[in-house]
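Protein chains: 4
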Amino acid sequence: MADINKVVLAYSGGLDTSVILKWLQDTYQCEVVTFTADLGQGEELEPARQKALQFGIKQENIFIDDLREEFVRDFVFPMFRANTIYEGEYLLGTSIARPLIAKRQIEIANLTGADAVSHGATGKGNDQVRFELGYYGLKPDVKVIAPWREWDLLSREKLLAYAEKNGIPVDMKHKNGGAPYSMDANLLHISFEGRHLENPSAEAEEAMWRWTVSPEAAPDEAEYLDVEFEKGDIVALNGVRLAAHEVLAKLNELGGKHGIGRLDLVENRYVGMKSRGCYETPGGTIILKAHRAIESITLDREVAHLKDDLMPRYASLIYNGYWWAPERKALQTLIDYTQQTVNGWVRLKLYKGNVIVVSRDSKTNSLFDMNIATFDDDGGAYNQADAGGFIKLNALRMRIAGRLK
Amino acid sequence: MADINKVVLAYSGGLDTSVILKWLQDTYQCEVVTFTADLGQGEELEPARQKALQFGIKQENIFIDDLREEFVRDFVFPMFRANTIYEGEYLLGTSIARPLIAKRQIEIANLTGADAVSHGATGKGNDQVRFELGYYGLKPDVKVIAPWREWDLLSREKLLAYAEKNGIPVDMKHKNGGAPYSMDANLLHISFEGRHLENPSAEAEEAMWRWTVSPEAAPDEAEYLDVEFEKGDIVALNGVRLAAHEVLAKLNELGGKHGIGRLDLVENRYVGMKSRGCYETPGGTIILKAHRAIESITLDREVAHLKDDLMPRYASLIYNGYWWAPERKALQTLIDYTQQTVNGWVRLKLYKGNVIVVSRDSKTNSLFDMNIATFDDDGGAYNQADAGGFIKLNALRMRIAGRLK
Amino acid sequence: MADINKVVLAYSGGLDTSVILKWLQDTYQCEVVTFTADLGQGEELEPARQKALQFGIKQENIFIDDLREEFVRDFVFPMFRANTIYEGEYLLGTSIARPLIAKRQIEIANLTGADAVSHGATGKGNDQVRFELGYYGLKPDVKVIAPWREWDLLSREKLLAYAEKNGIPVDMKHKNGGAPYSMDANLLHISFEGRHLENPSAEAEEAMWRWTVSPEAAPDEAEYLDVEFEKGDIVALNGVRLAAHEVLAKLNELGGKHGIGRLDLVENRYVGMKSRGCYETPGGTIILKAHRAIESITLDREVAHLKDDLMPRYASLIYNGYWWAPERKALQTLIDYTQQTVNGWVRLKLYKGNVIVVSRDSKTNSLFDMNIATFDDDGGAYNQADAGGFIKLNALRMRIAGRLK
Amino acid sequence: MADINKVVLAYSGGLDTSVILKWLQDTYQCEVVTFTADLGQGEELEPARQKALQFGIKQENIFIDDLREEFVRDFVFPMFRANTIYEGEYLLGTSIARPLIAKRQIEIANLTGADAVSHGATGKGNDQVRFELGYYGLKPDVKVIAPWREWDLLSREKLLAYAEKNGIPVDMKHKNGGAPYSMDANLLHISFEGRHLENPSAEAEEAMWRWTVSPEAAPDEAEYLDVEFEKGDIVALNGVRLAAHEVLAKLNELGGKHGIGRLDLVENRYVGMKSRGCYETPGGTIILKAHRAIESITLDREVAHLKDDLMPRYASLIYNGYWWAPERKALQTLIDYTQQTVNGWVRLKLYKGNVIVVSRDSKTNSLFDMNIATFDDDGGAYNQADAGGFIKLNALRMRIAGRLK
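Chains as they are written, first to last, in the UniProt record's numbering: chain P, 1 to 405; chain E, 1 to 405; chain X, 1 to 405; chain U, 1 to 405.
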């Protein structure tokens, strides 16, 4: 067992990380620094402070930070600039939050002189990888404690028993009715795994969903929404300029109201297994659709195709936890470069689960040339005869090959 | 002007291709063979025969073929095996039909001893490229006549005047109210371009759409649908085995009823301009969603990612007209190889524009391993400690780099 | 410690695997099956049998197989069809042999009812990964024993001490002068790592190289060589038809004589570190050059480019040990498909380290069209005016963008 | 025929562009501005001024610019940062010069108020595309005159007749012995096409080569060369700091002396045909080898692999003439970003056609960690046991799939 002096724990205040807090104190006999982040998960954070104090954590070792703006501005928005989707479906809501948590944990470790960090992710999932690649990338010699890979509390029963034995409060919801869903929430999404979702042929229960109404329960009236972009990021909704995290909060509200952004899928984890997850990403679903629409008139064709070709790789990097890796940064450099011209607006219609693009334009950067595109006489803007040579030369290699046969 | 003996014209029987038919006869003084294909566009084809006869086309030079099954089985389905989408949105409904028309035209040219082929696509669009790359790829020395690039009937008025002068019947719809939408239909989709769509900031009119009701007008009750796959293709719906084109026809019916598959976008044409199009692809929208779902449990992760990486390139090849090119065939070989294990079923819920995957399974090829994926005790199926080494080695290069700083 | 019944050991007969043999017997108290492969490494294999018998291995548990033809035909040649190079330099000589050894080990495990396999690769290198991914891919529940990751004989001294204590003969070369190079040889190459090569700024000693003379010592007279390809594989040299492994053996002889195929590089291991290696790949160096040359006249441009785009990924898969993974097989399907037309001959000049292509042709599949390529009057085979339209349309998107500025 | 006022001609002073100069004056009755660039082709430029004056070109309309430093610094070096090779062999010596010529031509057009530009490239080659994509990209509405696609002087005889008729001096070399090679030279390379090279099965004549001695004729003594890199560019040779173009000139001298950089290949032109070319790129061949070597110790593995994956695409963009296109710029942004750490030195041995890397190091950015890489006891720098978990999780998906069979 590593010799640990002080450890920074990513602490939610919930049952699992409270057990970990206690276990760290007992097992490593070390000082614990708790770090609780507001990423827009929609929970009160002050109770985490109270709990930490109860475990004897010193006041100066309790960090509670509002990271919402940084989260959306520096992580969520850059990711959406690439139209990022993992495996054709998943909007990476959990994946994109981990690098920020890791970064802040390392900052706090440096501030407090801690030599170790710890998190509550299990040994089967992707989050352990995302946290730890972040830790190692930002502080190569940090010691990492991953209790789920070390301890023997692998069943729910053992965990609850340990909690009770150590006076850690256990909510009624934990005591009854078996394990809860494994959930994760932040401004971008809320996710659900476990329980009967472990059977991919079982339909998700309506009662599970938290942020969105069902399309059936959404309003019968569609709602129009105007979205304005600058350099690929949304800066205003319906004409009102907002900070990044306010944009996403507002879009979540609108999307949730209209039943937008539910997803039920089986994904491939980096650690090698398939896993079934359900996600609610109301705002993100809207951003993706709108971003593709604004790019459709402001981005050069080949630049757009280059981005499309690279996107799955970029998505895998984020999914797998390589946000802080140099190859992700190199790709981001390219992506950000392309967004200089992505300025303009998109009008969307939100209706019962649908995000419908109805119009789009850019005052400054539209590459849509009506004079050329028209079916009417274009007055010579485009010489149709050019197409003959274009086709002939593109066909040449096939004609030469065809003559051989 | 080329010396033409006999030309095979892709003939719809409509105004434009009728004018072309006459123009070919007059301009090239050559024999014309008409070819009219049933690709499921939902129009009567016999009137085309009558019109052809009126132009003096010989009975044996009139070809009317039902290509629906071949179209879906050998073109649409292979394309969907790759989860093909162009520029993140477009399902390639027009693009995928052109290679089949070109192939059949060349077959007829060979049958009838024709030395030329002709089509009615304009010099600004992608279809001319798709037709002609097909022609040249399949018959390298064929002569190609593209009237829109040659004649002087470039405005609607001149075209109508030519028609009237030559006794070609002009429907009332053509005489009034300006140009119609430029439309294309087959079993996979119907498309709309032109008119006020030429302004990308103008919303499409509800009256334009043909195959789908609006989500608002769709039933208030969701409908479940069971889809069964073999080797990546749908072979049965709700337990009823169907031929490929019957599958698509049925899905179009269901999708259209539930307001599924409308799309409004700006795309990048191969000839260099941006263009706005609206599409209805009800069945195709369902296939794509279902196919991703069945792959999610039957396809290896890295194979799925390889397919995702290659998909945009494959989509561009089809969009640009390279179906018959060797690089498309090479990619298809890879794609088809991967589909051997894509067997199983998916349950979907159709509701007001939404295609929702609710469950999926495969008796023979599921790679989803509940024992490993479970949050409960897995009895040692997966050793969580392995993840420590996995992360350590994946982080090693970043740690070494980090120490330099 | 796992409960092992019978283990198949990849056994070279050398010091390290002899120590492992003994260690397996002592540590696991299990029956050991030895497997020794002739991959063209140029060593006598019968001594391995004698040594195995001395350790008490039963006659029926000693497997010595000549795999040379299978190695070149089914592994080396398929790899060269892709013009495979790792990181711009390395011809993957070690990487490509491991999957065959793993396959044969698993076959022998199945034949002998063994429940485990073992190899002598260290815990720092790529070979352990290549062996074990092969084992697990071909026999998912096999037990794997990797002594270097388990035992405490991590220093050279401890290993020698263990050998002496257990009566394992130690050559003089091992006793004196420190550790030898870490070497690996098969028909494709011989590799060197370790010793002073561990310092990447130190030049390799001339005395290290085994298979090739230095360019300086090579003949002063160049030698011409005619190479004939069928479906991308070399089938004849100077007009003499040879089996796959005979081709490679002959090319090694010629290349070695002319100082061809030495390489000194730093590579990135899959396990996360950089490592310096020196390689001699005389025949492989010739194959690569000749294969590119025959493809240059027989392969379609876009197919060639597709292969080039995919090659680094394919190379990484082989380097990292994923030969038996489904994504490598999928890529191979594509690569092999493209080689149908790769038939013809190439003339090379070998001289003091240089492999110089001087001419190439294909009777059946040349896509080189002299009539079109000529600088002289081509009699209309190519219409230069076509290029105007070709350029205009390819430039269109840039012109539209340029007008915005 | 376009109405032209003033045209900037890329003018070498040779026979072909002199004929073009005269033809432009006669055909378009327009003012001609001549532009002659020194790109290191090794020819006197002042004769071009005299000839231009003889054609009545005004003094202020004659531009002769030394672009050597800009050429190497802003075009050649950025390209080599990507280890760029087209189709596995070609170092793009001609391709990389065209964008600079186009840029300067457009600058001169803007300076002189010209409305048109012209070049002497034929309608069959890539250079017309490279020039014109540059023109259109930098000045969208410029008029382009490509005489070879317009005039009727398509045979050598007609061209010479036109020259004689118009008093354009024709060298003896042009009058005798048929057409010369089609050649292009600049600091990066000299190329040869045409004549008997049009037959790809014919060996090139020794007498053709200009810049390099044959390996046979090169010195019998090897020469060592120390190359120093900063941010991916060579800044010093043997300890002497040099400007970019001085570096390349010196490397050409050294490479030429040692018989380095000859190439004989068949390439795929963008206009659809295969073409045979011979190239001498002595300095470039050395740069490529050295650059890969310095990257091998200073670049992260995944960054290096990303670059390798993108390189063929980047090479095609340059080959096809898209230097000024936004997708090339986007890729360059990524490539340049990666070169920040590419600092250090490489030692090479030059000998009879060979460029041999013998050592490399970086004081500031070496990622080579001897402590970890060593075969000796590493004192715990690397925990070999980690590899077990690493392999297990990487194998997991294959094991799950294997169990199905």
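One or more of the hints may lead you astray.
Since the list gives no way to pick out one identical chain from another, each pair is judged satisfied if it fits inside one copy or across any two copies.
Derived DSSO-like pairs (lysine-lysine); straight-line CA-CA distance at most 27 Å [unchecked claim]:
| no. | residue 1 | residue 2 |
| --- | --- | --- |
| 1 | 289 | 58 |
| 2 | 329 | 231 |
| 3 | 158 | 289 |
| 4 | 349 | 257 |
| 5 | 289 | 165 |
| 6 | 289 | 22 |
Hints are computed from structural coordinates only; laboratory data are not their basis.
Hint check against the structure, violated hint numbers in rising order: 1, 3, 5, 6
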